[in-house]
Each structure stands twice: as C-alpha cells, then as structure tokens.
Amino acid sequence: MTINYHKEIKTSHTWKFFVLLFRWKGSIWKAIYMETIIFLICYGIISVVYRTAMSEPSQRTFESVIRYCDKRLSFIPLEFVLGFFVTIVVDRWTKLWRTVGFIDDVCLLANLYVRGTSEKAIIYRRNIARYCALTQLLVFRDVSMRTRRRFPTMETVVAAGFMSKDELDLYNSYTTKNNSRLGKKYWIPANWALCMTYKARKDGYIESDYFKAQMEGEIRTWRTNIEWVCNYDWVPLPLMYPQLVCLAVNLYFLVSIIARQLVIEKHKMVDEVDVYFPVMTFLQFIFYMGWLKVIEVMLNPFGEDDDDFETNALIDRNITMGLKMVDNTMKTPELLKDQFFDE
Amino acid sequence: MTINYHKEIKTSHTWKFFVLLFRWKGSIWKAIYMETIIFLICYGIISVVYRTAMSEPSQRTFESVIRYCDKRLSFIPLEFVLGFFVTIVVDRWTKLWRTVGFIDDVCLLANLYVRGTSEKAIIYRRNIARYCALTQLLVFRDVSMRTRRRFPTMETVVAAGFMSKDELDLYNSYTTKNNSRLGKKYWIPANWALCMTYKARKDGYIESDYFKAQMEGEIRTWRTNIEWVCNYDWVPLPLMYPQLVCLAVNLYFLVSIIARQLVIEKHKMVDEVDVYFPVMTFLQFIFYMGWLKVIEVMLNPFGEDDDDFETNALIDRNITMGLKMVDNTMKTPELLKDQFFDE
Amino acid sequence: MTINYHKEIKTSHTWKFFVLLFRWKGSIWKAIYMETIIFLICYGIISVVYRTAMSEPSQRTFESVIRYCDKRLSFIPLEFVLGFFVTIVVDRWTKLWRTVGFIDDVCLLANLYVRGTSEKAIIYRRNIARYCALTQLLVFRDVSMRTRRRFPTMETVVAAGFMSKDELDLYNSYTTKNNSRLGKKYWIPANWALCMTYKARKDGYIESDYFKAQMEGEIRTWRTNIEWVCNYDWVPLPLMYPQLVCLAVNLYFLVSIIARQLVIEKHKMVDEVDVYFPVMTFLQFIFYMGWLKVIEVMLNPFGEDDDDFETNALIDRNITMGLKMVDNTMKTPELLKDQFFDE
Amino acid sequence: MTINYHKEIKTSHTWKFFVLLFRWKGSIWKAIYMETIIFLICYGIISVVYRTAMSEPSQRTFESVIRYCDKRLSFIPLEFVLGFFVTIVVDRWTKLWRTVGFIDDVCLLANLYVRGTSEKAIIYRRNIARYCALTQLLVFRDVSMRTRRRFPTMETVVAAGFMSKDELDLYNSYTTKNNSRLGKKYWIPANWALCMTYKARKDGYIESDYFKAQMEGEIRTWRTNIEWVCNYDWVPLPLMYPQLVCLAVNLYFLVSIIARQLVIEKHKMVDEVDVYFPVMTFLQFIFYMGWLKVIEVMLNPFGEDDDDFETNALIDRNITMGLKMVDNTMKTPELLKDQFFDE
Amino acid sequence: MTINYHKEIKTSHTWKFFVLLFRWKGSIWKAIYMETIIFLICYGIISVVYRTAMSEPSQRTFESVIRYCDKRLSFIPLEFVLGFFVTIVVDRWTKLWRTVGFIDDVCLLANLYVRGTSEKAIIYRRNIARYCALTQLLVFRDVSMRTRRRFPTMETVVAAGFMSKDELDLYNSYTTKNNSRLGKKYWIPANWALCMTYKARKDGYIESDYFKAQMEGEIRTWRTNIEWVCNYDWVPLPLMYPQLVCLAVNLYFLVSIIARQLVIEKHKMVDEVDVYFPVMTFLQFIFYMGWLKVIEVMLNPFGEDDDDFETNALIDRNITMGLKMVDNTMKTPELLKDQFFDE
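Chains as they are written, first to last, in the working numbering: chain A, 1 to 343; chain B, 1001 to 1343; chain C, 2001 to 2343; chain D, 3001 to 3343; chain E, 4001 to 4343.
Derived from the structure by calculation, the hints contain no laboratory data.
Check before you lean on any hint, since a few could be wrong.
Unchecked claim - Cross-link-like lysine-lysine pairs, in silico, BS3-like; alpha carbons within 27 Å at most:
no., chain 1, residue 1, chain 2, residue 2
1, A, Lys185, D, Lys3165
2, E, Lys4324, C, Lys2337
3, E, Lys4202, C, Lys2324
4, C, Lys2199, B, Lys1202
5, D, Lys3165, D, Lys3324
6, B, Lys1331, A, Lys337
7, B, Lys1199, B, Lys1324
8, A, Lys95, B, Lys1095
The shape of chain A in the complex, shown without the other chains (with noise of 0.2 Å):
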C-alpha cells in the first residue's frame, strides 16, 4: 500500500515535519530495524571479546588492526555512489509511475464517440472498457507478484469477470512457441479493443472516421505505456549497478564492525570517553542503510513493499470506474443558465 503523508506536511511549521518520523508503515525504521539490530550484535560480540578475553598483546595487535580499518574506511565513498544511484532511481520511478495507468481517458471517449443506448451500443462501450482493462491486469500478473499471487491462473481471470470463458478460448488459441517474456500475448486484448472499434464504426455507433480514429489513439496509447511498464521490468538497470551500491554499503559497515572499536588504550589520554555503545556510527548505520533501502524500495516499484504501486487496488478502481463511465452515456445536466450568466 502506498504510504501517503502530503496532509501532514501541509506547512513547514516548526516540527511539523517532524512528525513523519513517527509513523512505522512504510517507515525506514520498519525497514532497516533487522538489519540494525544484527550490526550491533556483530559489533557487541567483538567488542566484548576485545575488552574482556583478550590478552594484553593480542589487544594491542588488534588495535593496530582498527587502526589500519579506521584510517582507510573513507577509501569507498558511499555519499557519492548513493547520491548518483538514487537519482537514476527515482527518474526511472517516476517514469513508471507516469505510465502505470489510468484508465479514464480511454473510458470518457468511448462514452463521447461510441454512441447510443440500445445494449448493443453500450456492450460496445463495456468491452472496450473491459478488454483495456484486461491488458493491464495481463501485465500486472507478470510483473507484480501481489497481481500474480491473486491471479494465479487465467481461470481466475474468468472467474473474476475480466474475460469470458469464450475470450479466454480465444486466447488461449494463439500459441506461441517462445514462452519467455518476448512471447507474451498482451496485445491479444488490445487488439480486441480496436476492432470493437472498427465494428462500431460498421454498425453506425461511432459517427465518422475520424472519432474512430480519435478512440484508437487513446487506446493505443493506453496499451503502449502499459506495454512500457512491461519493457521496464524486463530490461532493468545493469544488474552491476545496484550490486555495486549493495556490495558498497554492506562492505562498509563489514569492516566498520572492526574499524569503529573504541581503542582502550586511547582512554588514558582523557582525550575522548569511552562509549561502549558506539552511538554515532550507529547513526551512520541509521543514514546509510537508510538510503540503500530507499533505494531498494523505488527500485521495483512492483514489489510488495509498504510503498509499492497498489497494482491490485488499480485494476479494482480501472475496471469499477471504468464500466460506471461507459454505462450512462447521455445522462448530462439540463441546459440551463449558470448562477453568473447575466453578469
């Protein structure tokens, strides 16, 4: 489910937006708090070890050996890898979510160009309604684990209203003989969609050539970006960049578990106290993996995190809104003046 916070941060009074760090769904304290806690063990085992079963030599050799880490831990940059990485991220989000879909536009114009209300007309209107809708539904299954795990086969596709036992005969008869991602059939409905077009035009429902016209261009537009959120899924980032940031991260506070140990002998010199909990690197831990999760979370928008796309509330709202529009073709107000008319 997608977190939504715009009203609590309607104004930036003081504090205000303070109160988002409290809220736990969707939060980055929900999603790093495992990792968090297995850092500090890692780091309190060795911290324990050093302090209390060590002998006084082999102290002294291991605090060389922070010594050596602490010096070179700056070598990996992560504010700049993280930086550059999440702003690749979120363009590619952004643009997901721009082509996600809406099935409104498709719906208003078939309710302006496909005409009339005897049930031929309107069953005209409901399919191409529905066929769109079913296109999305068709790539929501592959792409997003919630779609599939509710869908999981086509019979239940039928079942819940989508298709036609009829249809789903029909497209089960295109077969092709590459199954991978390049073989899939989305288009069969798409398709479907544009000759209810041309069959409406046929019958005098659509009015001209260029309403029909009209309606196959949002139509397609409607399959192209749904199509796009298809072509996203199946040609990610280089797998090397996100490895890279991960093995980045991890690799830091990896060594950060030996490096950030508190040299004991150091105390002597009153310089700097003795914390046994080590607060500010576990503030860094906090900011950095962090990020990374935000990172993780935008990466595929289509996963099950707390902040992902709603794929199954979509295809709700796209089929239920969508079959409401085309249903009440010319119910519009009166012609009547408006309040301000003889101003």
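Given the structure of chain A, go ahead and fit chains B, C, D and E onto it with the hints provided.
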C-alpha cells in the same frame, strides 16, 4: 500566497540580490526562526551547566564526550543527502506546476468552435468552461486544505455557483462502493463537458466533426493534467526518503548541541577564543535547516505555506476569466489595414 | 543584450577558450568587480587595524578569534549549495528560452493556409501575425522592465503600430475586477487571431476545415508558450531557496574577512610567507561570487543584465519578419528541373 | 542477454537485496575479476621486492616514494568524475532503450486499418509488418556485432525470410557513391512499407484517407526511432570523455600499486598492523573499477556484454509476433454481455 | 569529423576500454598536449631557478610562499564546478544533436503523398527535398565555420546546385533592414517548400487535404528544428559561466606552478622523495585540463574540433539521399507471399 521577487532581481548589480534577504513573508527567516531559538536555548542550557554547575572531574568527562562527538559529526554527510534530494523535489514541484491548470486554451477553443450568439450556444460554451473549472475545483478540494476549508461541503460548491442544484443531484446519483482516493468522481464534470461537445455538434453549433474532435482533445488534456495533480498527491515519494532527510538534519543538530560545546581547558592554549555564543554553528544551523525547509515547502506545494500554489485564487481566476472568454464570441476588431500595410 | 561567443570557441585549440576571459560585456569581471573591491577594502581595513593599531594582548585575542573562525569556515559547504542550485536554475532558464517565442511557424502557416492575393486575404494574414506579436508584447510588458520602459502605456503600443485605436478600445472594454497577475488580458489578441481563422474560413480564404484546425493549433501553441513565460514569472522558485544561496555566499565571505587574516605570530615559524594581499582568498572570492552571479543572471532572464533575453529586439523581429512572411504568399520560384535532375 | 533480477528484490526485507551479490552472469564479479587479479599480482610483486630484495637504504628511498605518492593520490577525484559521467551515460542508455523498437503498435494498426480477409489484404498487412522488421534488422546489423554475426551478408537476410530475392535485387539497385554511415539505405524497406499503405488505399483495403495517414504516422514513428538508434551509434559522446574517465581510474590504481605499499618502518610504532594483503585498497579497487565497468557496459548497449540489449531476440520476436498480429484480423470474441452487466 | 569508437568497446572485457587511450584523433592527448608542455616548462623554469639560482634566504622566503599557496589551493573546488557544468553542457549538446536534422522523414512523406511519375510531379518532390536541404545549409553557413568556408557566398550555393540562379534572385529580393542574427532569412526556402505542397495539391498530385496537412506538418517540424539550431547558437549559456569555469581551471594551475614546487629543506626529513618531475601534479593537470577540454568541445558542437558535428557531410548526405528518396516513387517489390505465409 506565492511570493514574487523577480522584479527585484532584474539585474545582478552589486548587492541587488542582497535585498532579497530583507523580506519576511515566505522567507527563510520566517521558516526557521522557531527552530533556531529552540536550538540556541538547548545549546545555552547545556553550556551553562557545563561551565558553572559541573565539578572539575565531570567537566573532564563531559569534555571527552564533546571531543568524541565532534570528531564523528562528519559521519552524516548532510550536504549530499540534501543536495540530491532537493534536486528530485524541485523536479517534482516543476512538473506539478506545469499541470496545475490554466483554463484559457479550453475556453478559447470553445469560443472558436462552438459558434453562434443564440442563448443556447452561449450556454453550451459557458457550460464547457464551468464544468472544466468544476473538475479542477473537485480535485483541489481533495488536495489542498485551503480549498477544502473554502468548500467544506458540496453544497458550498453549489452556493458558489460552480454547480447547479440539479447537477449536484446528478453527481450524487453516481455511487461508488469504494470511498478511497481511487473511487473519486472527478471525471463526472469532465464527462459532462465532453457530452456538451456532442450535443453542440448535433445542434449544429459545432460545424464539423473535426472541430468537435479538436474541442474534445483540449478538454481531455485539461482533465488528464488535473488528474495527475491528484495522482501525484496520491503517490508521493516513498515516505522513507523524506524521513531519512529529516532525520539526518535533526540528528545532526541534536548531536551538535553537545559536540559543538567549546572545551574550556583548551582555552589556556590561547589557540582559540572562548565564544559564549556559537557563531559558526549558528550559521551552519541556519544554512542546513533552511535547506531542509526549502524541501519541506516544495514537497507539498498544495499545502499552506506562504509559497505554496494559490489554489483558491486559481479557481476564481479560471471561472471568471473562463466565462468572460466564452461570452463575447464574435466581438473582433474591424478588418482594417494595419499601420505598416503599404511599406 | 545576449552575449555571443560561439565563434571564438570554434575549436578547443590551446588557449582558444582563454580569450573568453578578456571580454568585459556580460563578463564575470563586470559582474563582480564592485563586490570584490568592497570585500578587499573591508579586509584591508581590518588587516591594518590588527597589525598597527592593536596592543599585543588584543592582538593575541584577535588571533584566537581568527583561528576560531578559520577552523569552522568549512561548516558552510558553498560548493554543494551552488552546484545543485545552478543546475536547477539552468534547467529553468533553458525551458524559458524554449518557450520565449519565434513567430515564424504561425506566419508560415498563415501564409500556406489563408490563400489569396486580394487585399482582404492579405489583411487576414497580417492580422493573424500582428495579433500574435501583440500577445507576446503584452506579456513581455509585464515580465520585462526593458519592454515596459519602451511601452509604458497602451497608447505607446498603439503608436508603435502593434494595435489600432479601435482595437485598444475593444481591448479596454473587457474589464476585470481582478487587477492582479491572474486577471491579465493576454488572451484577447490571441482570441482575435483565432477568430480571424473563423472568418477567413467563412470567406473562403481557408479552403478546408482541416486547414483551419491546423492554423488554430499553431496559434494555440504560440499562445500557450507565451502564457508559460508569464506563469513562470508569476511563480518563481520559492523565495527561500535563492535567499539561502545568497545568504550562504555572503555570510561565508563576511566571516572570511576575519577568518582569513594572517596571524602574524605564526610568521616567526617561517612556515608561511606574510602576504599583505590575501591572494588565495581573493581568488576564492572571485570564484564563488562569480558562481552566485551566474545564478542571479539566469534566475530572471527577463531582467536587464547584459546576458538577459533581448525582449525588445525579439518583438521588433517578430512583427517585421512576421508581416514580411505573410505578405508575398505566392511568390515562389518557377518549377524548373534542378541541377542534379538527370543524374 | 539482459539479466533480470526484479523478482528477487520484490521487497526490501532484510538482506533480500544481498542475494543479488551471489550472481555471476552480468555481475560485477565477472566484469572485474581479471583486472583485480592483475592488480593484486602487480602489488604483490612490488611488495615482495621491497620487503626482501632491497637493501636498507633503497628501502628508505622507496618508502619516501611511497609517502610522496600516497599523499597526492587525492589529486584525482575519482568519485566526481565517475558520478557525473555515469549519470550522463545512464541517461543515454535509457533514451536508447526507449527507441529500440517493439513492433506491436505498427502491426495492431495495420490490423485495424488494412481490412479484409482476402489473400491480397493479408499480404499487404504481412508486408507492412515484415518491411518494418527488416528496417530494424538492417540497422541492428550495423550497430550490433551479434546481429552482424548472425546476418553476415544480405543473402543470409534473404535466407532467414526477412526479404525475398526480388526485394534484395531492388534494394541493391539503389546505389550510393557514399559508402560511409551516412550513405546507409535503411530507409528503403520503410519506404516500401509506406508505399504499401498507398496501394492498399487504392485497392480499397484502407477505407479512408484519414486511416491511411494514421497508418503512415505509425510507420514513420517506427522508422524515426530506428534511425535514432543508428544516429546515436554514429555520434557517440565525444571520445575524450570516456578516455578521461578510463584514464583517471587506471592511473589512480597504477599509482596505488606503489602508493598503497605499507611502509615497514612505521610498523615499529605499533600504530598499525602490517597486513600483507592490502584489504582496504582491494575493496576500493573493486568499488571504483566496478563503477567504471557499469559505465563501459552502458556506454554501448549494442555490444556483447551479458547485460546488453538482446538485438537478435528482439528481431525474432518482432517478426514472429508481428506476423501473428496481422494474420487473424477479424477474430474477436462474440459480442456478449459481460459478467457485471446488470449491476 | 566525429570520432566513432563504439565498435571497440562492444564488451567490457579486461582492458577493452583501455585501447581507447591509444587513439590520437579527437583524443584527450591531442587536446591537451600543448597546454601540458607549456605548464611543464613553466614549472621547470621556476624549479631550476629555485634550486640553483637562489640564495639560501631567498630560498627560505620562496619556500614559505610555496607553503602558503599549497595550503590554500583547495579553496577552488575544481571538481564541483567542472562536474556540474559538464552535465549542463552535455545536456545542451544532446538536445542539439536531436535537432540537427536528417531529411529522411520529409522525403519519405513527399514520396508517399505527392504522387505521380510525370516530370512535374517529380519536380515537385525534388523541390520539396531541395528546399528543405537548402534551409539547413543556410543555417549551417551561419553556425559552422566549416560550412561557411565551403560556401563563402550565396553564389557558391548556387554553383553547388542547392539553388538555381532564379531562386537566388527571388531570395535576394526579400530585403531586411535588420542585418543581425534576428533578420536572417532562413524561412524563405522553407516557405517555398510549403508552397510546393499547396501547388501540388491544386494540380492534383496530392490527393487529399489531409495529406497536404501531413506533408506541411513534417516540413514545419524540419524547419522548427533547424531554427532551434540557430537559436541555440544565438543565445548560448551566459558568457559568465564558461568564463568562470575556464578561469577556475587556469588559475588553479597557475597557482600550482608555485604551490606544487617541492620544498628542498623538507627533504632532509627523508619523509618524501625529491622528485624533479612533479608526477602527481602532472597527472592532475591532465585530468582537470582534459575535463575542461571535454566541455570546450561540447559547448560549441558546430566548431572545428575533431569531434564536432560534420555539418558538411550532413548537408551532402541530405541532398543526395533526399533526392534519391523522392526519385523512384513507385518502385516497390511485387506483392508476393512471404516465406512464412502458410505457417
């Protein structure tokens, strides 16, 4: 209210830009004065306690805490996380501004394509303009608290003249089980506007199928833009990211309250002055907290900050100017030679 | 006046780029010389006081102030805030430049679609061109001080021939209660231009409904672009952001005046030379202040800087070339075989 | 083959992202293992020579060389040049992916607008699809080595069925003096596809001029996109920029081989451990070299890396699915009420 | 001439990218060798003077100057100003490349819509192609020195066959008082091309008003793109910005000549080797100066660098291929079943 300042920076002459600093409304001063005061008070209290109330040994301990924190403050690279995030937020803000909606194109086209000076023709044109303005109003009611306060119920919308009583009844007759954001009925007035083009064509006020399609295209563009205002509000940037940024800045300065205390002992070395007011930390606070405020203001431009979009003014402007545009169709100047004609 | 320098950098040969530095108009030198002088004078005064007028103890105290400030100057990361902000500003500047308006497309289409060599046909074409140029002029009057100074009143617009007296009367007959930016009447001449296409179609000068719609589309594009020039001016980047940037740079150098004073005492250590002129700080000042000036110039490209858009030249060009374009409709070369015909 | 990993990161649960690291194909490990080995061997040889083969004085001299290099390694800011360059490269890669070409829209439109079940009608549709696929193939042959290897000569293209013998003869009859990239004849099959629409209109299979224009528009879009694939290949980013980046990374690590040697003498100070394996430098090498590899992979997505675009699969998919789409024009489901009809 | 290197980086295998470094044309080596030599000579002279010609006391003084400069070199953050500026410049370069103009779409449409094999029809098509190519040539003459040198006068344009003598006379008959960039007459041949569509429609070679409008649209797109090439040249990025960048890099290395001198005295401390050649500074120089050169090359892609756009080749290509495209209208392959027909 949006704060305009372009006039004041029409040149980059010496210190011209400087005068921008002496504004209060929508300024960085207004945004952060409270945070700054709180920060300084906290800093002051700890400073006083440390210098006067502590025994020598506990001063020593406290000083080692200060040194510990100070040395590690750089673990949180504020400049990176703020710099990259602000770029993303500005991008989103700009896109929203592009889609927020000026009604001129719709009305000028209605004016051009729906011809006639009969009352009915005028009503057609006025209705198209009004329904488009109404669509915007309905979305703004959900997105902006200011507009919501102005139009708390649908009845107030009727009272303001954006809708007639009949229209509201028809609007309410569409019921959706779904009461969430996904079930909103913004499309209904847009549908009415589209149906107006159908009827006007049937009545002969629109003189060609092609003109009707042009008219429809413009109304569709208007509706789609308005819908994206709503969709952007529905799916904000994943909650984690602003949380992370907010957390980083606030923790940084929380730690600063201790880390930036001046260690007295060092004073003896004459190396640095003992400032009782932490000038430089104060400047840094203004700087980073200000940057965070910029983000907060731009993240939700439909909020109630000084610099947020003026939704109510925009609604008023669209209905007033829109109706004016469609009222005087044919009043054009005489066809006369212009001044340069015979050159 | 826009400063052109492309010719001088046509290759990247040794030092070619270098000659760019020896220009004055629109240069960084012109932009910052005054600030630099003021900065140096302040620095000099303090330097002289410190070295000659202070007693030894107060010198010691002052030196500790210097050290205190110098060590903390890096708290304000100028390079980040300037780097990210300049990217945003350049983006906005580029978009504005894309929409600022060249009239060629409108006029060439008027020429192609409004046919005929009769006086009336020519008047139609000229009016379309003139009304479009007028729309631009009206917007530029509000946005640019230069254009405002050239056309202080609507009467001067009439005198310049962009409008006839009758047209001004008609223009003034549209009254809006709202006198703010939102109530501006830029759309009126655009509406006239659109109405010209209607009348020309009725009179048979435009030969097809489809051509009329093409013509309308181009005029609409023109008007919408011009309107965005106005809208961008109406909603600038939130005031806070430029305030923040300006503040950061100015405070940085204010503190620098003290922080960058050379501590005399250190001189004895032979470690560094005692320069009376702060060379490096001077270079840094030029660098950062110059970067800020780039931002100031680009933030409002309709101002009066050397490098701002030449609105007046553009208006003149559009009316002159526009009328020329629509004047000689049918003068095309004879239909003859070209030189390569028989190859 | 493009490497897909979205399924594995469907949530950001603990360590989910981590599993990405344990892949070989298309991974960062595969990309850099050889460089890493070479780097370590060089480092090792020098280390052994320094520790065992050198006399004390030459050790001293060598150590001063180490110190000299190490202190100045930061002169080359790898993180900046890599961060900014990768952003540019990803942008280019994304644009290429958007234009690389899925044939669905062309075929679905052919299906909708070129009607009829006669053999001739079917041939028209199949030819449009085939010629479009052929255009893509011809471009991919020039751009991608994989496709070139699969279709080394035009005869192999004929053999694969993308072209008939006659068509090849006609294709070859167009001669250009110019044999460079600029003289390529990619437009010929696109021209044939466009001519098909003309003939089909003349034969009455396309029922309206307007439909023909829609069809033409889609073929044009297809051709233009394909052409940009070619143009992007023709004008890469200026050679200097990747040279610079490559140079920076390689020089950095060349110098590192010396600069990162541990100075033995320091060992006596117990300050740091004497690691014989340069752990941290090794990590840094993986990190930066991996980043460089990401750039190399994305700079030319038509190459032969694991993660490059699968041009051959795409060509096969387009011809197979394309022909399937245009084959069964009129097979649509019966017009029946859907499941929700009476709700 | 654009330098192509994609073939050489088709994989990211070990050191594949490396070979890019061994190219001369368009390479970073060619771009900076002269600057590097000059820099090294200056450095050398000062180094020799310091080591041999100076007395001990002046050596001491000079050393303190070195230390003073060296410590403050970081005041100028080259990596930031270069990184951000290069991103802006690449963006601009990419947009220019997108609009630079390939004539294929115009000609293929002329071929499709202006039908007939009569000489007159062929002349119509050839003229449309030629006038479009001519528009491009006229703009390139103003923008690119290479094209200007090839066509120094309009007579050479006639001689090259792009224009007939009559056409030049007609072209010259349009006079503008304004001789600046704003008064350029690029639109004249574009106007002729548009008029061709009008005449061809009147003569029946274009079979539908709609086709004429499509044809017009494509010519308009071509002209608008070409015009933006010109407009981008007219309004470059504000002079200050490249000045600032150039200044920063050059000043940095000017100061470096002194700041990076090795202080001999320190040599006694055996801490660092006394290198007579400043290896690391040399590497840094290559790196930053190379980055600057990338910017210089991309800032004006119509210049005469190795990697600038090949305007002359493009003009030749467009006229040659363009005329070829429109010559053989109806030569399409026989309508035969393709190889896969009966599958």
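Hints breached by this structure: Failing hint: just 1.
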